[in-house]
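Asks: Chain by chain, the residues:
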Amino acid sequence: MYVAVKGGERAIDNAHAWLAEERRGDTEVAELSIAQIREQLALAVNRVMAEGSLYDPDLAALAIKQARGDLIEAVFLIRAYRTTLPRFGASHPVDTGAMSCDRRISATFKDLPGGQVLGPTFDYTHRLLDFALAAEGLDVPEAEGGAPSDTQMPHVTGFLAREDLIQPEPEGADTPRDLTREPLDFPADRPLRLQALTRGDEGFILSMAYSTQRGYGRNHPFVGELRIGTVTVEMDIPELGFAIEIGEVVLTECETVNQFTGSKTEPPQFTRGYGLVFGQTERKAISMALVDRALRWEELGEDNVGAPAQDAEFVLYHADNVQATGFLEHIKLPHYVDFQSELELIRRIRAEAMAGQAQEAAE
Amino acid sequence: MTEQYLEGGFADPPRAAAHAFRAALQALSRPGRIETLSGATPPAPCSPAAGALLLTLCDGTTPVHLGPSHDTEALRGWITFHTGAPLVSAETAAFALGTWEALQPIHRFAIGTAEYPDRAATLIVEMPALSATGARLTGPGIETEARLCLPETAAFQQNRARFPLGFDCFFTSGDRVAGLPRSTRVEEV
Amino acid sequence: MSNSTMEGIPQAAARPETEARRARLSTLAKAPAGRLLALWSGWLGGREMPAHDVLRPPEIGTVMVRGRAGATGAPFNLGEMTVTRATVRLAAGAVGHGHVQGRDKDAARVAALIDALCEGGEADALETAILAPLRAEAEAGKRSRLAKAAATKVEFFTMVRGENG
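Chains as they are written, first to last, in my numbering: chain A, 107 to 469; chain B, 136 to 324; chain C, 14 to 178.
Treat the hints loosely; a few may be bogus.
Below 25 angstroms or equal to it, Euclidean Cα-Cα: the simulated SDA-like pairs (lysine to any residue) are [to be verified]: (1) C:K43 - A:R454; (2) C:K155 - A:L218; (3) C:K155 - A:I140; (4) C:K43 - A:S139; (5) C:K166 - A:S255; (6) C:K43 - A:D342; (7) C:K161 - A:T336; (8) C:K166 - A:P260; (9) C:K155 - A:G220; (10) A:K171 - A:F310; (11) C:K155 - A:R233; (12) A:K171 - C:G74; (13) C:K43 - C:K118; (14) C:K43 - A:D201; (15) A:K171 - A:H436; (16) C:K118 - C:A138; (17) A:K216 - C:E168; (18) C:K43 - C:F170; (19) A:K438 - A:A464; (20) C:K161 - A:D245; (21) C:K166 - A:T227; (22) A:K216 - C:A36; (23) C:K161 - A:E250; (24) C:K43 - B:T218; (25) C:K43 - C:P63; (26) A:K171 - A:A204; (27) C:K43 - A:L191; (28) A:K216 - A:T227; (29) A:K370 - A:H326; (30) C:K155 - C:F170; (31) C:K166 - A:R233; (32) C:K118 - A:T189; (33) C:K161 - A:R233; (34) C:K43 - A:F310; (35) C:K43 - A:S369; (36) C:K161 - A:F215; (37) A:K112 - A:S447; (38) A:K171 - A:L149; (39) C:K155 - C:P63.
FYI, nobody ran anything at the bench for these hints, they're computed from the structure.
Everything numeric in this text was worked out from a predicted model, so none of it was measured.
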């Protein structure tokens, strides 16, 4: 129960002023620009875009600056801003097969058309702090350029599909349900689950995925392919009567190849998990693919072993960090009346109990 | 190429839409009270008030049905360009526009569900004129009673009887609008 | 261009003037706002902006970007991106539509003006002054990233056993 409490206005104003000052920090130190955050903290920007569900690097950088680097607070700011914008429409589904790839690796096939392209990855760094970065004004040598090839990079799952070794992806509704427009409703079909996962909290999705690897709903994933790069976004423009490319977004896509299913009538086939996330967000995309696969137990005719990652209601209701933060943090707001009633109750019970003890002792 | 549909939107959309939204809100929360709603110049036969409602309340997520009285190429183009709303049949419409006769039979429109009574249609009924005379209105938002020249009463009585389900109505004429939510009781006098 | 591009609107796509306009609007939409405005002011070269009516004032909004489950299956909502659009009509009557990625209202209006001017018969001049440079810059940027990616391509070599040398 909430009770309107008046007062504290001056305290709040002063708190905001101090927050602004603390945000700025020591004025002897140069102020961060939005462009610096966008360019030099790009992975934080990517995470805020993915979980804020809004692709706009400058806005995400602004949100990070305003939130003093608290990424969940920044996601909250982006979500709030998004609600003020009209939606012009929806794009055609992006064609990730035509992605201009910065990175593309497969853990299942060594030699695949297009090759294994590492891209700007942390994978082979030694995780030793680089104190050279502590010095400012260092020149960064330009990365080596190779001969860009025009080789297509077809999806690995396509090869398996051609031999019927992997389950085909069923067609779906042209207009998928949208949990930002309608309340989440169960049973949640796969498109709705994928939307919830792609905007879900990276830490939560990672932990759910990890739990499946450790045995809570194990499904033996191989990373069939992981790709990061730029895709064009196309949309029909009604007044023109045709589609145009309205922009480009960087995406990370992970396709897992999982344990097979089969039955007396159907020969065994590999199954799939899928992750697609805004920005260079590799950990999130892989996690999403594992959790997507775990949530598919029912449609793939598997047993529900009671693993948390198999429970769609549990996963989808708890994946959103803005919802979670809102409900969690509201308990620090005034609950004076609630607590007064609890206080009165416990005093009365204690008084009765003590009176009873005193009477027993007297008897 | 006729590109008449490109004109007639709000000149200053944020401000005009805010004013129009306020007027629409007033109209529905004070049933029978006639408000002024201007700023839009839609193609005929759509009234400026109905045009302003469409510009303010409709977008790509609110399917619109045009009754035969208003189903013209110019108006279709105008709604598509200025709001992005898909044009659909009566059964799936979130908004419908037409004369009362053109919107018949009225039972085709969504009345919401027990879980989501808000998933009901809003009808924008174009009238030759609007006046605070005729049927007696009572209920939420009306201190004693109000009068409004409705095209009939039986349909609105039936609509009231299934509250909290039911459609909501705006009546428009020129730059004037009045509202009749599903919660209003209507009596013939 | 992907096959999905023209799904549902084959007639419009078949016309060459439609294809030219589609390509032009796509280039303008993806252009960095700063470059678009710089090339535009270079093209104006001190002249006034062409006289025009604003049919739809520049407006910031979003487009829901969709993906497909498993890259080829059921569409799902990935998240939105910011887009700004505007529609103008030149005094001579040509109408132009501008859509640009991001939140730059000036860029959206300029994109609409460029589209209108091209529709009004100045397509060749604007192609040389604005569209070709934008395309070349976008292509160079893309090639540069692809070249860096190519340098990180793994060349596997197999450890050979049981042979001399």
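Asks: Could you run down the list of hints and mark each one as holding or not?
Replies: Hint by hint, here is what the structure shows:
With a CA separation close to 70 angstroms, the supplied pair K43 of chain C and R454 of chain A exceeds the 25 angstroms bound. Between K155 of chain C and L218 of chain A the alpha-carbon distance is near 23 angstroms, which keeps this suggested pair within the 25 angstroms criterion. Only pairs whose Cα atoms come within 25 angstroms are accepted, and K155 of chain C paired with I140 of chain A is accepted, the gap being roughly 24 angstroms. For the suggested pair K43 of chain C and S139 of chain A, the alpha carbons sit about 24 angstroms apart, so the restraint of at most 25 angstroms is met.
At most 25 angstroms may separate the alpha-carbon atoms for a hinted pair to count; K166 of chain C and S255 of chain A meet this at roughly 11 angstroms. Only pairs whose Cα atoms come within 25 angstroms are accepted, and K43 of chain C paired with D342 of chain A is accepted, the gap being roughly 16 angstroms. About 14 angstroms separates the Cα atoms of K161 of chain C and T336 of chain A, which keeps this hinted pair within 25 angstroms; it holds. The straight-line distance between the Cα atoms of K166 of chain C and P260 of chain A is roughly 16 angstroms, inside the 25 angstroms bound, and the hint therefore holds.
Under the criterion of a C-alpha separation no larger than 25 angstroms, the hint pairing K155 of chain C with G220 of chain A is consistent with the structure, at around 17 angstroms. At most 25 angstroms may separate the alpha-carbon atoms for a hinted pair to count; K171 of chain A and F310 of chain A meet this at roughly 24 angstroms. Note on K155 of chain C and R233 of chain A: the hinted pairing is violated, with a Cα-Cα distance of about 30 angstroms set against a maximum of 25 angstroms. Restraint check: the Cα-Cα separation between K171 of chain A and G74 of chain C comes to about 23 angstroms, which is no more than 25 angstroms; the hinted pair holds.
Taking the CA atoms of K43 of chain C and K118 of chain C, the gap is about 14 angstroms. The hint holds against a cut of 25 angstroms. Distance hint between K43 of chain C and D201 of chain A is fulfilled; the C-alpha atoms sit about 17 angstroms from each other, no more than 25 angstroms. Distance check on the hinted pair: K171 of chain A and H436 of chain A sit about 24 angstroms apart at the alpha-carbon level, within 25 angstroms; holds. For the hint linking K118 of chain C to A138 of chain C, the alpha-carbon distance of about 24 angstroms falls within 25 angstroms, and the restraint holds.
With a C-alpha separation of about 10 angstroms, the suggested pairing of K216 of chain A with E168 of chain C holds against the 25 angstroms cut-off. For a cut-off of 25 angstroms, the pair hint linking K43 of chain C to F170 of chain C is broken: about 40 angstroms separates their Cα positions. In summary, the hint linking K438 of chain A to A464 of chain A is not supported, as the alpha carbons are separated by about 38 angstroms, beyond the 25 angstroms threshold. Between the alpha carbons of K161 of chain C and D245 of chain A the distance comes to roughly 18 angstroms, so the proposed pair stays at or under 25 angstroms and holds.
Under the criterion of a C-alpha separation no larger than 25 angstroms, the hint pairing K166 of chain C with T227 of chain A is consistent with the structure, at around 12 angstroms. With a C-alpha separation of about 38 angstroms, the suggested pair K216 of chain A and A36 of chain C falls outside the 25 angstroms cut-off, and the hint is violated. Restraint check for K161 of chain C and E250 of chain A: the C-alpha separation of about 6 angstroms stays at or below 25 angstroms, so the hint holds. Annotation: proposed proximity of K43 of chain C to T218 of chain B holds, straight-line Cα distance about 24 angstroms (limit 25 angstroms).
Between K43 of chain C and P63 of chain C the alpha-carbon distance is near 23 angstroms, which keeps this suggested pair within the 25 angstroms criterion. About 34 angstroms separates the Cα atoms of K171 of chain A and A204 of chain A, which puts this hinted pair outside 25 angstroms; it is violated. At most 25 angstroms may separate the alpha-carbon atoms for a hinted pair to count; K43 of chain C and L191 of chain A meet this at roughly 20 angstroms. For the hint pairing K216 of chain A with T227 of chain A, the CA-to-CA distance comes to about 18 angstroms; that is within 25 angstroms, so the pair holds.
Restraint check: the Cα-Cα separation between K370 of chain A and H326 of chain A comes to about 22 angstroms, which is no more than 25 angstroms; the hinted pair holds. About 29 angstroms separates the Cα atoms of K155 of chain C and F170 of chain C, which puts this hinted pair outside 25 angstroms; it is violated. Among the hinted pairs, K166 of chain C with R233 of chain A is consistent with the structure: their alpha-carbon atoms are about 22 angstroms apart, no more than 25 angstroms. Between K118 of chain C and T189 of chain A, the direct Cα distance comes to roughly 19 angstroms. Compliance with the 25 angstroms bound is thereby established for this hinted pair.
Taking the CA atoms of K161 of chain C and R233 of chain A, the gap is about 23 angstroms. The hint holds against a cut of 25 angstroms. Of the supplied pair hints, the one linking K43 of chain C and F310 of chain A is violated, its CA atoms being roughly 34 angstroms apart against a limit of 25 angstroms. At roughly 49 angstroms between alpha-carbon atoms, K43 of chain C and S369 of chain A are farther apart than 25 angstroms, so this suggested pair is violated. Of the supplied pair hints, the one linking K161 of chain C and F215 of chain A holds, its CA atoms being roughly 23 angstroms apart against a limit of 25 angstroms.
Proximity of K112 of chain A to S447 of chain A is assessed by CA-CA distance (about 20 angstroms); at most 25 angstroms being required, the pair is judged to hold. For the proposed pair K171 of chain A and L149 of chain A, the alpha carbon gap of about 14 angstroms is at most 25 angstroms, so the pair holds. A distance of roughly 33 angstroms separates the Cα atoms of K155 of chain C and P63 of chain C; the hinted pair therefore is violated under the 25 angstroms criterion.
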